[in-house]
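Please build the complex by placing chain B on the supplied structure of chain A, with the hints as guidance.
Residue strings, one per chain:
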Amino acid sequence: MKKNSISCWNCGNNVKNFFFCEHCKKIQKPIEHDPFQLFSLPYEFNIDIEKLEADFFNLQHKLHPDKFINANENEKLFSGIHSGNLNQSYHLLVDPISRAGILLKILINYDLKEKTVNDKILLFEIMELEEEKENLQQKKDALIFYKKIMGLIDDEIKTINNKFKEENYLEAAKIHTKLTYLKKIKNDFKKVEIEL
Amino acid sequence: MAYSKELVDHYERPRNVGSMDKSSPEVGTGLVGAPACGDVMKLQIKVNNSGVIEDAKFKTFGCGSAIASSSLITEWVKGKKIDEASQIKNTEIAKHLALPPVKIHCSILAEDAIKAAIKDYKTKNRKNST
Chain A
1 MKKNSISCWN CGNNVKNFFF CEHCKKIQKP IEHDPFQLFS LPYEFNIDIE
51 KLEADFFNLQ HKLHPDKFIN ANENEKLFSG IHSGNLNQSY HLLVDPISRA
101 GILLKILINY DLKEKTVNDK ILLFEIMELE EEKENLQQKK DALIFYKKIM
151 GLIDDEIKTI NNKFKEENYL EAAKIHTKLT YLKKIKNDFK KVEIEL
Chain B
1 MAYSKELVDH YERPRNVGSM DKSSPEVGTG LVGAPACGDV MKLQIKVNNS
51 GVIEDAKFKT FGCGSAIASS SLITEWVKGK KIDEASQIKN TEIAKHLALP
101 PVKIHCSILA EDAIKAAIKD YKTKNRKNST
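As given, the protein sequences belong to chains A and B, one line each in that order.
Position one of the first sequence corresponds to residue 1 (this note's numbering), numbered consecutively onward.
Position one of the second sequence corresponds to residue 1 (this note's numbering), numbered consecutively onward.
In isolation and in its complexed conformation, chain A is listed as follows (with noise of 0.2 Å):
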């Protein structure tokens, strides 16, 4: 079980708020946890994409550093980590197939670090994807390709989607292979447009 009780280091009152004392306002130093806590989400894959924005721009509104210019060396160190924090967590939820490994690593303990893959279908298909980049020689192919790799990653976020749902996570984590090697493609087609 869970800690729940936490005191406020200023008033001693328990806090169940990340950021801020319920009695006495003040910001509160930073505890352990995931971007989904962070942010008050269920650990769902789909999440409300504009409500997420909204509140980290009126979070990030309130706990910037900027605000604590004239608070206490702890208050501006907390604001500061909690500041960070906010802009971690809010990129790691916003894009969608980081948003799905750290979901599998919750629920799943799922880490895709230093793990060796022989999904010997999954690594023909991007073999030979990469194949197809290496010899891009036009901008028009080029473009083609892009499209062709932006398609992919979509259909892809969808059935993930539909395994988060189902709560097939060992299936979901497979689509979270293959989508991690179709964004590294896609990341690297910025490096080919440049050179065509």
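Everything labelled a hint here was simulated from the structure, so no lab data went into it.
Only a predicted model underlies this, so the values are computations on that prediction, with no experimental measurement involved.
Hints may be right or wrong, so weigh each one.
Take a look, some chain B residues computed to stay more than 12 Å from chain A by CB distance [what the hints assert, rightly or not]: (1) 3; (2) 6; (3) 9; (4) 16; (5) 23; (6) 36; (7) 60; (8) 81; (9) 95; (10) 111; (11) 115; (12) 120.
In silico DSS-like links for lysine-lysine, alpha-carbon gap of 25 Å or less [unchecked claim]: (13) B/59 with A/115; (14) B/59 with A/184; (15) A/158 with A/105; (16) A/174 with A/105; (17) A/120 with B/5; (18) B/80 with B/59; (19) A/163 with A/183; (20) A/174 with B/80; (21) A/190 with B/59.
Positions of the beta carbon are idealized from the N, C-alpha and C atoms, including for glycine.
Same frame as chain A, but now just chain B:
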């Protein structure tokens, strides 16, 4: 932090880049990947009747350390018996190339690739002999 001379050398002049006919019974193909880095590695070996690796080829898309690790391992396995080749440890590759800690998994990938290639070769030839 700088990369070692050996690593840069393998990255700039990779040895044994290419492909072999994966349907040939003498050829074993290993295909492995490390999605975190976006690496895909194909490693192929050609084995003669006495179980010696005559030739090795690789094709890797990914970071410099993955390319250097696969290039180095193709050089090392040539002329070795398949059982010797499967003894190569990722730590030897990492040491030779002086891989930084965050890139150790690239050498693991090369070890996994050669093992997968040997396994593929063995599976193929077990089928052929029966």
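Results for each hint:
1. 3: holds, 20 Å
2. 6: Since the minimum Cβ distance to chain A is about 22 Å, residue 6 of chain B lies beyond 12 Å and the statement holds.
3. 9: holds, 22 Å
4. 16: holds, 17 Å
5. 23: With a cut-off of 12 Å, residue 23 of chain B remains clear of chain A, as the shortest Cβ separation is near 14 Å.
6. 36: Violated: least Cβ distance 5 Å, not greater than 12 Å.
7. 60: Residue 60 of chain B not clear of chain A: closest Cβ-Cβ about 10 Å, inside 12 Å.
8. 81: holds, 24 Å
9. 95: holds, 18 Å
10. 111: Answer for residue 111 of chain B: violated, closest chain A Cβ roughly 9 Å.
11. 115: violated, 10 Å
12. 120: violated, 10 Å
13. B/59 with A/115: Roughly 19 Å between the alpha carbons, so the hint for residue 59 of chain B and residue 115 of chain A holds.
14. B/59 with A/184: holds, 17 Å
15. A/158 with A/105: Holds, at about 20 Å.
16. A/174 with A/105: holds, 13 Å
17. A/120 with B/5: Answer violated: residue 120 of chain A to residue 5 of chain B is near 33 Å, above 25 Å.
18. B/80 with B/59: holds, 20 Å
19. A/163 with A/183: holds, 19 Å
20. A/174 with B/80: Measuring from Cα to Cα gives roughly 36 Å; hence the hint is violated.
21. A/190 with B/59: OK: residue 190 of chain A and residue 59 of chain B at ~22 Å, within 25 Å.
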